[in-house]
Every structure is written in C-alpha cells, then in structure tokens.
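These protein sequences, in sequence, are chains A and B.
FYI, the numbering for the first sequence is 1 to 354, going by our numbering.
FYI, the numbering for the second sequence is 1 to 354, going by our numbering.
Worth flagging that the hints you see were computed from the coordinates, not collected in a lab.
Honestly, I wouldn't trust all of these hints.
Put simply, identical chains are the same to the list, so a pair is met inside one copy or across any two.
BS3-like mimics (lysine-lysine), calculated; alpha carbons at most 25 Å apart, straight line [claimed, not checked]:
1. K227 to K10
2. K143 to K21
3. K198 to K278
4. K42 to K300
5. K300 to K277
6. K42 to K277
7. K137 to K21
8. K42 to K10
9. K10 to K21
10. K76 to K21
11. K278 to K23
12. K42 to K198
13. K227 to K143
14. K137 to K198
15. K23 to K143
16. K230 to K23
17. K227 to K277
18. K137 to K42
19. K198 to K143
20. K23 to K300
21. K23 to K198
22. K198 to K300
23. K42 to K143
24. K300 to K227
25. K227 to K278
Number of protein chains: 2
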Amino acid sequence: MSTWEEKVHKVTPYTPGEQPKNKNVIKLNTNENPYPPASSVKRIIESADYEVLRRYPDPLASGLLQALSDSYGVPKDQIFVGVGSDDVLAMSFLTFFTSGERILFPDVTYSFYDVWADEFRIPFDTVPLREDLSIDKEGFIGKNSGGIVIPNPNAPTGLDAGVDTLEEIIRDNPQCVVIIDEAYVDFGAESVLPLIDKYDNLLVTQTFSKSRALAGSRIGFAFGSRKLIKYLNDVKFSFNSYTMDYITQQVGIASLQDRDYFRMRCLEIINERERAKKEFSRLGFDFPDSKSNFIFVHHKDRSAVDIFNALRENDIYVRHFDGERTGDYLRVTIGTREQMDALFGFLSDYLGEG
Amino acid sequence: MSTWEEKVHKVTPYTPGEQPKNKNVIKLNTNENPYPPASSVKRIIESADYEVLRRYPDPLASGLLQALSDSYGVPKDQIFVGVGSDDVLAMSFLTFFTSGERILFPDVTYSFYDVWADEFRIPFDTVPLREDLSIDKEGFIGKNSGGIVIPNPNAPTGLDAGVDTLEEIIRDNPQCVVIIDEAYVDFGAESVLPLIDKYDNLLVTQTFSKSRALAGSRIGFAFGSRKLIKYLNDVKFSFNSYTMDYITQQVGIASLQDRDYFRMRCLEIINERERAKKEFSRLGFDFPDSKSNFIFVHHKDRSAVDIFNALRENDIYVRHFDGERTGDYLRVTIGTREQMDALFGFLSDYLGEG
Numbered sequence: 001m002s003t004w005e006e007k008v009h010k011v012t013p014y015t016p017g018e019q020p021k022n023k024n025v026i027k028l029n030t031n032e033n034p035y036p037p038a039s040s041v042k043r044i045i046e047s048a049d050y051e052v053l054r055r056y057p058d059p060l061a062s063g064l065l066q067a068l069s070d071s072y073g074v075p076k077d078q079i080f081v082g083v084g085s086d087d088v089l090a091m092s093f094l095t096f097f098t099s100g101e102r103i104l105f106p107d108v109t110y111s112f113y114d115v116w117a118d119e120f121r122i123p124f125d126t127v128p129l130r131e132d133l134s135i136d137k138e139g140f141i142g143k144n145s146g147g148i149v150i151p152n153p154n155a156p157t158g159l160d161a162g163v164d165t166l167e168e169i170i171r172d173n174p175q176c177v178v179i180i181d182e183a184y185v186d187f188g189a190e191s192v193l194p195l196i197d198k199y200d201n202l203l204v205t206q207t208f209s210k211s212r213a214l215a216g217s218r219i220g221f222a223f224g225s226r227k228l229i230k231y232l233n234d235v236k237f238s239f240n241s242y243t244m245d246y247i248t249q250q251v252g253i254a255s256l257q258d259r260d261y262f263r264m265r266c267l268e269i270i271n272e273r274e275r276a277k278k279e280f281s282r283l284g285f286d287f288p289d290s291k292s293n294f295i296f297v298h299h300k301d302r303s304a305v306d307i308f309n310a311l312r313e314n315d316i317y318v319r320h321f322d323g324e325r326t327g328d329y330l331r332v333t334i335g336t337r338e339q340m341d342a343l344f345g346f347l348s349d350y351l352g353e354g
Numbered sequence: 001m002s003t004w005e006e007k008v009h010k011v012t013p014y015t016p017g018e019q020p021k022n023k024n025v026i027k028l029n030t031n032e033n034p035y036p037p038a039s040s041v042k043r044i045i046e047s048a049d050y051e052v053l054r055r056y057p058d059p060l061a062s063g064l065l066q067a068l069s070d071s072y073g074v075p076k077d078q079i080f081v082g083v084g085s086d087d088v089l090a091m092s093f094l095t096f097f098t099s100g101e102r103i104l105f106p107d108v109t110y111s112f113y114d115v116w117a118d119e120f121r122i123p124f125d126t127v128p129l130r131e132d133l134s135i136d137k138e139g140f141i142g143k144n145s146g147g148i149v150i151p152n153p154n155a156p157t158g159l160d161a162g163v164d165t166l167e168e169i170i171r172d173n174p175q176c177v178v179i180i181d182e183a184y185v186d187f188g189a190e191s192v193l194p195l196i197d198k199y200d201n202l203l204v205t206q207t208f209s210k211s212r213a214l215a216g217s218r219i220g221f222a223f224g225s226r227k228l229i230k231y232l233n234d235v236k237f238s239f240n241s242y243t244m245d246y247i248t249q250q251v252g253i254a255s256l257q258d259r260d261y262f263r264m265r266c267l268e269i270i271n272e273r274e275r276a277k278k279e280f281s282r283l284g285f286d287f288p289d290s291k292s293n294f295i296f297v298h299h300k301d302r303s304a305v306d307i308f309n310a311l312r313e314n315d316i317y318v319r320h321f322d323g324e325r326t327g328d329y330l331r332v333t334i335g336t337r338e339q340m341d342a343l344f345g346f347l348s349d350y351l352g353e354g
C-alpha cells in the first residue's frame with residue numbers, strides 16, 4: 001500500500017527577506033516604505049466597529065473597489081483586489097498560465113515567479129536581461145508563448161523599460177495574457193494602465209505595500225479588461241470567497257483618501273533616491289538608473305558579500321541575492337534621510353573614501 | 001494563432017450566502033455568531049500601532065501560533081494558520097490531494113469541497129449520507145482513496161459522527177491524508193484533536209469565524225503531525241508568504257486571551273439551539289440532532305421554498321440549498337434569544353400552529 005507522503009505535492013518554498021528582531025536595525029532590505037501610512041489609516045483603525053467582525057466581510061470588497069475606481073478612473077468591473085500583490089499574481093498564474101504552454105519572464109526578476117510556476121507546474125523559459133540589465137524586448141517578441149510576466153520597474157534592477165517597449169511586447173502577444181507587475185511604479189516610472197482598454201490581454205498589477213506604506217495590511221490590486229477580471233474573479237471565488245478581512249478593506253479605502261500625503265511621501269523617496277545615486281557614485285559604486293524605491297549597486301573594487309557583512313555587523317540590513325548575474329550586487333532600499341546618512345557615513349569610513 | 005482566452009482556466013465559482021444591505025434583517029443564513037467578539041479584540045484594535053503597518057507582517061504569525069499553542073496544548077510546529085479555514089482547506093487540497101487518485105467526501109456537505117476539487121483538477125467521489133443524514137463510515141473504509149475530507153459536525157446537517165467513527169476511518173486510511181473539518185466543533189461535538197499524535201495522516205481544521213465571532217477577520221487554523229504541517233507550510237510559502245496581515249494576527253491573539261467569554265458565548269448558543277429544537281418540533285419540523293450553531297429543518301407539510309420565501313419577505317433570512325437531498329430543508333443559524341423569538345413568532349403565525 002502506498003503512503004500518504006507519496007501523494008504530497010512537495011515544493012521548495014520562497015525565502016522572505018530577513019525581519020530582524022532588534023529594533024535599532026536600519027532596515028533597507030525588504031523595500032518597505034520608511035514612512036508611516038497616511039493618518040487617515042490611523043483614524044479608521046481607531047474608530048473601527050469591532051462588533052461587525054462577527055459577520056463575514058464583503059466578499060467583493062465593493063467599498064475598496066469603488067475607492068480604487070475613483071482614484072484611478074477605472075470602472076469597478078475592471079479592477080481585482082487581493083491579499084497583497086503576491087495573492088493577485090498567484091491567482092493570475094492559476095487563471096491565465098495553465099495551458100501547458102511555456103511562459104516567459106526575465107532571468108533576473110522578482111524571485112517569486114519561478115516559485116509559482118513550479119507550484120502550479122507551469123513550464124517556463126527565462127529571457128536574459130541585456131548586459132546593462134535592461135529588458136531585452138526581442139526575447140519576448142515572436143515567441144508565441146503561453147504567458148508573459150514583466151515587472152516594471154524591474155526588481156531588483158529598478159529599471160523602467162518604458163511604455164513604448166512594453167506596448168510592443170503586449171501588441172506582439174495577443175495569444176496570451178501579458179502581466180505587467182507595477183509594484184514599484186509610483187516612484188517615477190510611467191504606468192501602462194492607459195493601455196488596458198486597447199489590449200484585452202493586458203493585466204496591470206499594483207500594491208499598497210510600497211508606495212502606500214501598507215506592507216503590513218496585505219492589499220494588492222490589478223487592472224484589466226472586463227473579461228480578464230471576470231476570469232480572475234471566478235478563480236479567486238473558487239479558491240476563497242472571503243480573502244480580505246473587514247478592517248483591511250477599511251484601511252485600503254482610508255489610504256486612498258489622502259492623495260496629498262501619498263504624493264508627498266513618494267516625492268520624498270524619489271528625492272532621497274536621486275541623492276543616494278550621487279552618494280553611491282562618489283563612493284565607487286555603479287548601478288542601473290533606478291526608478292523604484294531601491295537601488296541595485298555594485299562596487300568597483302569590493303565584493304558585495306563583504307560589504308553586506310560589514311553593514312550587517314553594524315546593524316544596517318540590505319539585501320543580497322546569490323546567482324551569477326546578481327551575486328556582485330546589493331539591493332538597497334531607500335530609507336529616510338537620516339537612515340541614508342547613517343548608511344553613507346558607514347560606507348565612507350568602510351571604503352576609505354570619506 | 002490561438003487566443004489568450006483559450007488558455008484561461010475556466011471555473012464555476014462558489015456562491016457565498018446572501019449579505020443583505022438592510023440592517024433590520026434577522027440574518028440566520030450564514031452561520032455567523034450573533035454576539036460580538038471578545039472585548040479584548042476591541043481593545044487590541046483601538047490600541048494597534050498603525051505605524052508598523054509600513055512593515056511586512058511576521059510571515060510565520062509566530063505570536064498567533066504561540067497563543068494557539070498555549071490555548072490548545074499543541075506545539076507550534078504542529079499548527080498551521082491561514083486566511084479563514086477556506087484558505088487552510090484550499091492549501092490542504094493543493095498540498096495533499098494532487099496525486100491524481102480519487103478523493104472522497106460526503107454527498108451532502110460543505111459546498112466548497114467540490115469547487116476546490118474542480119479548481120485543482122482533483123478527481124473525486126462522494127459518499128452518500130445514510131437515510132438519516134448521518135455519515136456512512138463504510139463508504140470511507142477499504143476504498144484505498146487518494147484523500148478524505150469530512151466535516152464534523154457535518155454541514156448543513158449539524159450531525160456529530162463521534163470520535164470513534166472518525167478514528168475508524170482515519171485508521172483505515174494510512175495511505176492518504178484525512179482532513180476532519182471542525183469549523184463547528186465548539187458547539188458541543190468532541191474534537192479529534194487528541195488523535196493527531198497517534199495518526200500522522202490526520203489534519204484537523206478549525207476557524208475563528210463561528211465560535212469566536214470573527215468571520216470578518218479571516219482566521220483559520222489546522223493541527224497535525226509535524227510532517228503534515230511542514231508540507232502544508234512549504235506550499236503556503238510558495239503561494240503567498242505574507243497572507244495574514246498584522247492587525248488580524250493581533251486580533252487572533254486577543255481573541256484567544258478571553259477564554260471565559262468564549263466558553264460563555266458558546267454555551268449561550270448551545271442553550272438557544274436546544275430551545276430551538278423544542279420550538280421546531282412543536283411547529284411540525286423534524287431535523288437531524290444538531291451539535292453545531294445551526295439546525296437543518298424540514299417541515300412535515302409545508303415546502304421549504306415556501307417557508308424560505310415567507311421568511312424572506314418578513315426580513316428573516318435563512319439558507320436554502322437546491323438539490324435532491326437538501327431541497328426539502330432549510331438551514332437556520334442559531335441567533336440571539338430575541339432573534340429566535342422573532343423567528344418562532346413568525347413561524348407560529350405562518351404555520352397556524354401558534
């Protein structure tokens with residue numbers, strides 16, 4: 001007789017970035033926002049009616065859909081919400097990439113794509129970035145693939161491929177769904193959102209985790225054609241009808257209300273990023289020209305692992321990815337002015353370039 | 001060239017119970033708790049630190065695992081948490097039931113099991129309940145099946161199969177994982193939890209949605225052997241590392257703190273259910289002897305649909321399921337004393353038995 005263990009679907013799980021227990025750590029390793037969420041979020045939590053928690057939440061998250069619709073000028077039936085953009089992307093892989101045909105994504109990219117492909121047994125090929133770490137659009141064109149997913153800006157490079165390049169890829173692939181993962185788009189890149197009415201195979205995913213400083217609340221969303229969103233909802237409602245809890249729906253709505261705060265904080269992070277580029281250059285680093293809330297840096301003389309360890313010993317956490325094309329780099333999240341000053345102060349001493 | 005639509009994984013979604021907009025409705029249709037959550041939940045929400053929402057939540061939900069461990073006397077590495085027990089069950093189907101062998105569940109049961117089986121392309125057979133709507137254990141024994149899932153108490157019958165019967169089924173099926181879905185166990189049935197150390201193929205799932213009055217927060221959990229929980233976590237972390245948001249983790253912990261409140265409210269619902277049984281009998285209904293927070297009732301003379309519609313017109317919502325074996329019944333959630341008085345007041349008039 002067989003055993004139950006032989007029947008188990010065995011996978012190698014994704015490893016999330018380290019969350020240090022020590023509160024004094026300068027945490028530039030998980031692309032979190034260094035500023036708190038809008039104060040409208042604070043108010044909604046304080047005044048939340050805990051008694052309604054006995055009831056199931058609105059499975060459609062209608063209020064949040066309406067708030068997203070108002071903010072982005074997209075009809076509600078062209079918006080999908082999920083528990084973080086990881087949930088939105090996982091549901092999208094399950095819905096759109098199960099034809100058995102090979103899907104494509106960049107070789108250096110968000111490290112969850114191949115995890116989902118393995119989990120859902122989706123065959124895939126990776127398209128190598130160019131030497132300068134930019135997206136090689138030729139690799140996505142004329143391939144008649146089963147699906148495409150490209151983050152823009154890409155992670156961990158931070159590079160913006162530009163709407164024209166992305167539109168060429170979308171236009172060339174009407175045979176499959178093309179997902180543009182815009183987790184970092186609010187830090188200066190241009191969104192492909194206006195293209196959703198032109199291409200019914202385009203899904204644009206975004207998140208509240210980065211630009212809205214709500215990683216702790218788990219809210220992701222996607223825009224697409226009515227057909228696309230309908231298929232996605234059908235799969236989602238067959239998986240778990242009530243994924244987003246009541247308070248989180250309220251938090252999302254509150255966050256969208258304060259547009260000025262949102263714009264101000266994004267601008268602060270952009271300004272700090274541009275200053276960081278100058279500092280990194282001065283210290284002998286080179287890097288792709290990031291449009292995100294992180295910079296992917298490489299030092300001309302010193303190894304990435306050595307710098308990583310030296311920073312870590314001094315309670316500054318950044319992210320290092322193994323791998324042939326990424327092992328020489330560090331991904332550094334943009335923190336507050338104060339945090340970045342501490343980072344550059346340490347690096348100046350350590351590299352002897354002060 | 002093929003179209004993207006041909007590649008879509010098309011499913012028929014589950015239909016959740018109706019959530020009426022009218023606040024005056026007496027809502028006995030979704031098995032929600034009629035009482036609010038513990039006041040410790042209110043306090044934790046009011047005092048929640050909204051600034052930490054900028055950070056990712058603890059992906060392991062360690063605090064909640066510890067609180068569950070303390071409450072149930074089960075080591076943390078034998079506990080899994082998810083976004084409602086629907087999430088726990090969906091992940092379990094994905095992890096344990098993908099061998100391609102047929103899985104078994106009762107013909108009259110929670111209506112999501114066949115939705116997940118379809119979604120994940122898992123072949124299944126249903127085992128008919130006996131004439132009296134009890135679980136037919138012979139149908140689950142000697143079948144060498146690929147997986148088994150049985151709710152206890154079963155829904156929508158409310159019947160408790162008893163630990164001895166369930167243990168026979170678990171013992172006979174070492175070749176597959178057996179899931180006992182105990183969503184309603186706190187209302188008087190005996191849990192199979194003590195068996196997890198005896199049978200490493202047993203997964204016991206529970207939820208905060210019913211007995212803890214937290215349907216709006218989405219917290220489910222499961223107990224099992226270390227091996228089982230490890231496999232389940234591997235799949236979960238390959239799907240979405242950060243499923244449970246920060247505030248929900250705090251809400252779960254707070255809810256577990258107030259044990260007296262929990263026991264008191266469960267007892268109130270049990271007492272009201274026993275009173276309801278007498279009332280239903282008096283009014284000409286028969287029903288399986290429920291151990292849950294609902295009763296599955298059938299009237300000797302009047303059609304279920306007629307009663308359903310009459311109730312609905314009077315703002316009392318109960319649940320009706322189509323189907324050969326369920327169409328003559330109504331599932332009535334146990335509400336407060338006041339709500340149940342209103343229900344029986346109306347039924348007495350309507351049925352002319354007052």
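Hint check results:
no.	hint	verdict
1	K227 to K10	between (33 Å within a copy, 12 Å between copies)
2	K143 to K21	neither (46 Å within a copy, 50 Å between copies)
3	K198 to K278	neither (39 Å within a copy, 63 Å between copies)
4	K42 to K300	neither (45 Å within a copy, 55 Å between copies)
5	K300 to K277	within (15 Å within a copy, 79 Å between copies)
6	K42 to K277	neither (33 Å within a copy, 46 Å between copies)
7	K137 to K21	neither (42 Å within a copy, 49 Å between copies)
8	K42 to K10	neither (41 Å within a copy, 40 Å between copies)
9	K10 to K21	neither (30 Å within a copy, 44 Å between copies)
10	K76 to K21	between (40 Å within a copy, 19 Å between copies)
11	K278 to K23	neither (29 Å within a copy, 59 Å between copies)
12	K42 to K198	neither (39 Å within a copy, 47 Å between copies)
13	K227 to K143	within (24 Å within a copy, 42 Å between copies)
14	K137 to K198	within (20 Å within a copy, 56 Å between copies)
15	K23 to K143	neither (49 Å within a copy, 55 Å between copies)
16	K230 to K23	neither (43 Å within a copy, 29 Å between copies)
17	K227 to K277	neither (42 Å within a copy, 47 Å between copies)
18	K137 to K42	neither (43 Å within a copy, 52 Å between copies)
19	K198 to K143	within (21 Å within a copy, 53 Å between copies)
20	K23 to K300	neither (32 Å within a copy, 66 Å between copies)
21	K23 to K198	neither (48 Å within a copy, 42 Å between copies)
22	K198 to K300	neither (44 Å within a copy, 59 Å between copies)
23	K42 to K143	neither (48 Å within a copy, 55 Å between copies)
24	K300 to K227	neither (49 Å within a copy, 46 Å between copies)
25	K227 to K278	neither (46 Å within a copy, 51 Å between copies)
This entry does not satisfy hints 2, 3, 4, 6, 7, 8, 9, 11, 12, 15, 16, 17, 18, 20, 21, 22, 23, 24, 25, going by the numbered hints stated previously.
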